[in-house]
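Asks: Chains as they are written, first to last, in my numbering: chain A, 3 to 102; chain B, 16 to 494.
Quick look at which bits of chain A chain B covers, simulated, 3 or more residues with Cβ under 8 Å:
#, segment
1, 67 to 81
2, 93 to 99
Here are some chain B residues pointing at chain A (derived, C-beta under 7 Å):
#, residue
3, Y356
4, Y377
5, K393
6, G448
It should be emphasised that the hints constitute simulated quantities derived from the structure, not laboratory data. Backbone N, C-alpha and C fix where the C-beta goes; we use that ideal spot for every residue, glycine too.
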Amino acid sequence: MKISREDVLRVAELSYLDLSEPELEVYRAQIDEILEYIGKLNELDTSNVEPMAQVLTGDQAADATLREDVVVPCTVAGDVLKHAPDPEPPYFRVPKVIER
Amino acid sequence: MTTGWTVESVRQAVLTKKASAREIAGEYYKRIAAQNPKLNAYLTLCEARAYEQADRVDAMAAQGKTLPPLAGVPVAIKDTISTRGVRTTCSSKILENYVPPYDATAVVKLEAAGAVILGKTNCDEFAMGSSNENSAFGCVQNPVAAGRVPGGSSGGSAAAVAADLAVAALGTDTGGSIRQPGSFCGISAMMGSYGRVSRYGLIAFASSLDRIGPLARNVSDTARILQAIAGRDPNDSTSTTAPVEDYSLTLTKPVKGMKIGIPKEYFGVGMDEAVREKITAGIEVLRNLGCELVDISMPHTDYAIATYYIIATAEASSNLARYDGVRYGPRAEADSLIGMYRKTRGAGFGPEVKRRIVLGTYVLSAGYYDAYYLKGQKVRALIADDFRRAFGRVDAIVTPTSPVPAFKMGERTNDPLQMYLADIYTVTGSLAGIPGISIPCGKIGGELPVGMQIFGPAFGEARVLQLAQAFASAGGATV
Chain A
3 MKISREDVLR
13 VAELSYLDLS
23 EPELEVYRAQ
33 IDEILEYIGK
43 LNELDTSNVE
53 PMAQVLTGDQ
63 AADATLREDV
73 VVPCTVAGDV
83 LKHAPDPEPP
93 YFRVPKVIER
Chain B
16 MTTGWTVESV
26 RQAVLTKKAS
36 AREIAGEYYK
46 RIAAQNPKLN
56 AYLTLCEARA
66 YEQADRVDAM
76 AAQGKTLPPL
86 AGVPVAIKDT
96 ISTRGVRTTC
106 SSKILENYVP
116 PYDATAVVKL
126 EAAGAVILGK
136 TNCDEFAMGS
146 SNENSAFGCV
156 QNPVAAGRVP
166 GGSSGGSAAA
176 VAADLAVAAL
186 GTDTGGSIRQ
196 PGSFCGISAM
206 MGSYGRVSRY
216 GLIAFASSLD
226 RIGPLARNVS
236 DTARILQAIA
246 GRDPNDSTST
256 TAPVEDYSLT
266 LTKPVKGMKI
276 GIPKEYFGVG
286 MDEAVREKIT
296 AGIEVLRNLG
306 CELVDISMPH
316 TDYAIATYYI
326 IATAEASSNL
336 ARYDGVRYGP
346 RAEADSLIGM
356 YRKTRGAGFG
366 PEVKRRIVLG
376 TYVLSAGYYD
386 AYYLKGQKVR
396 ALIADDFRRA
406 FGRVDAIVTP
416 TSPVPAFKMG
426 ERTNDPLQMY
436 LADIYTVTGS
446 LAGIPGISIP
456 CGKIGGELPV
466 GMQIFGPAFG
476 EARVLQLAQA
486 FASAGGATV
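Generate the whole structure from the sequences, applying the supplied hints.
Replies: The following block contains the structure:
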């Protein structure tokens, strides 16, 4: 078994995701099967391979195409707040933040 | 029955005043009203915006102004792409009532080119799926194969175009989500190179893979839509400054002498025999066009699915952290902030999205990062290298788009791994960042469409389109 019930609970905690009891077991079993399949990557020796962290390289790399960091007016704040679940312009209101 | 409208025929009709852009939009809304209740291809229509744009185009025609290249062309937009003032849901309950405050750059460019946006199309939730069955708002019907899925995740865009409820559509492709539904619905569907089209305003799933691209009923229309949306955008640092070729200059040029790689790994076990038969016949069409066929090997193909589902889920788990009930979407009430996050996300995301968040968080978590995520990035480099090497020998690579034709609804929903494995021929090009198109290559039993995929080297869109056009002109769709 690649992934345990405790692993799934821990990951759900990390990702702030409530899972029901049936979801927990179904996802555990399905993800276990997927991880088992993913294990086939270990057939490959990649000790001398550089990880591909960027698709674009050279003069097309993202850091080569950055624009000047200049302030431009933002005119959509009102629209953004209008669709928020609990706005109190110019803020978003959230439940009380307490120690976990 | 289709209306027979194409990008060019719409533009000509508006130019010569045979039909107004308003009349053509009206004709499409009538078709949508009649067919969409059954197909479920559109989630939201934006008539007011469409008619306003149509009137602008008609006014230009009335004043005798030069019409832009997509003047009056009715298009559909996948619901993962932001449209100002028009509800954009990603087919998720967590964005059920989300109305973006701005337009995606691709949408701005389409309208600047004269296109008329009809509405937003259904898809798998957050573009996660290969059948459109993961939509929170119901599956899309395949318009050319009753009872079967349209493919995914851009299933609504593909179905809308195939049923002629739009002349063309925008979809998004992360692991095959434009090409595979294009193949299942029997149309032309293309993803350009990574960086070719701005993703500003695309709601992110996996940022190192996501691309926006066109779906249309012929190659020429596909080229025209891609032409309109391609290019550098200062709002997206991953959009490149590489010059955009004029696809019309080479589209109809002969392909005699072009070297086509046929990778043996794309014709192995797991491929439907009827699909194999059609693709083999399609390759003969290319041979008869004077292309030189070269047997090649892409040795890391078999590792692509494992690699893809590590990288895509890892990036998704990070990108989807923003759905927290604070800034948009519904909020589940709870006493604490963390409790509110957990309940909102638990209630708002569907099963496939939750599964991918759990898997993606796991492969990134302490103790597993090296074994999974880093390993995946390394194998990704090997897969990209397979392509780099191949394009040292050949001009293009031809494969099937999918090992199977459109399958029956519900047939595969209980086994996510089996669903993932069917993405084998498309995820490779996604990981490598190269352009790819799926074009019709016959129908099994005269009914079920098969798609042929053409890959080109990075920024080789013109060549991919040229080969696709030559194949279509030589009768490739009816092999």
